[in-house]
Amino acid sequence: MESLAPSTQQRIAHESWKLNGTAALVRCRSGSVNFETVFDYDNKLRKVREIEERMVAPEFWNNQEKARDVMAQLKALLAVTKPLQRVVKGTADLPGLLEMAESDDSLSSEVANEIGELESLVDELELQALLNGPHDSAGAIMSIYARDGGTDANDWAEMLLRMYMQYAAKAGFEFVVLDRLDNDQAGINSATVAIRGPMAYGFLKGENGIHRLVRISPFNSEGKRQTSFAAVDVAPEINDESEIVVDWAKDVREETMRAGGAGGQHVNKTESAIRLMHYETGIEVKCQNERSQHQNRALARKMMLARLARLADEKREAEKDLQYKAKSKVGFGSQIRNYFLHPDQRVKDQRTGYLVSNFHTVLDGNIQGFIDSYLRWRMKRGGEDIGTAGDDDE
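Be aware that the sequence shown starts at 1, since it is given in UniProt numbering, and climbs by one per residue.
The set of hints was computed from the structure by calculation and includes no laboratory data.
Just so you know, nobody snuck in bad clues.
In silico BS3-like links for lysine-lysine, alpha-carbon gap of 25 Å or less:
#1 K170 with K75
#2 K75 with K89
#3 K315 with K380
Since this is a predicted model, take the numbers as computed values, not measurements.
Can you build the whole structure from these sequences, using the hints too?
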């Protein structure tokens, strides 16, 4: 590197050191984690080819719903295979670029940019490597419920609904409202949505729990500080009913009722709303958004399968961790995050200690930092969700 300035030599030397670390991570050159093995790369590539072959068949689009499910599978597979292909090829090419940069100063920035891009992809792959649960690649069924706090809690639940809608848009995920029950004064009593995209459930499963808001209440004429709570429940969307076996006639009680909006608005004179209760677990779901009883029943069953699949995941983790604690019937877990608008703005995760000082940025859907920190925290703790980073009771 004699032709380069000392600062550039140091930069290239430093980037060379980082390159070695990146290459070791990706290609197992020094015995570290081999992502190609972790992600079962060859098998995923085979599945990609199989799906692409199926898609060219004339009859593929005859069943639109099934075709959409297959396309979702392909999207999830490509979310892993494409960045991995890019990293493997990039790390193979970088030694040659570094050698050229030793005699051409103009290439140093190109090398640095290339390594920076590859390291970002490695970070992404490392994060995806944490999503190794049996349903992490599935879509997410998310329910949000207003809890303690009166009208403020209803308003808070709707704010969270908007936050997750914004997050889904930023992540390129599909966001579909399955059920919504408005409050007659403000906000919502509850809402259930489907969030679909690569690893949607894996990313969002850590949002399960109680979310606490502290602010000056807009519904209090005296301007007092109000604490309100909303519960978020996240479960994997199950498209293959053979995975979770349910005898709908014997295992589940079904009730029909009239669907209606807040204050009795838009009351459906037919009993199109469906409520299901699973006898063994006590899990209950309700769906009333669709016009027909048949559509509501289909969605309610999908919601039930999602909740049962999550329960099965929890039991599997319990057997592995030997520290499983029974949850309440509603399965919301414990308080996970505090959102403050008073006396100052901040949002803090109680489990990881991750803190953002801009409340409105978080409510605009910028929650990936919370998600990433939760996944890494959970990995360090061996998969257990026990304990917090400290309570925040201001």
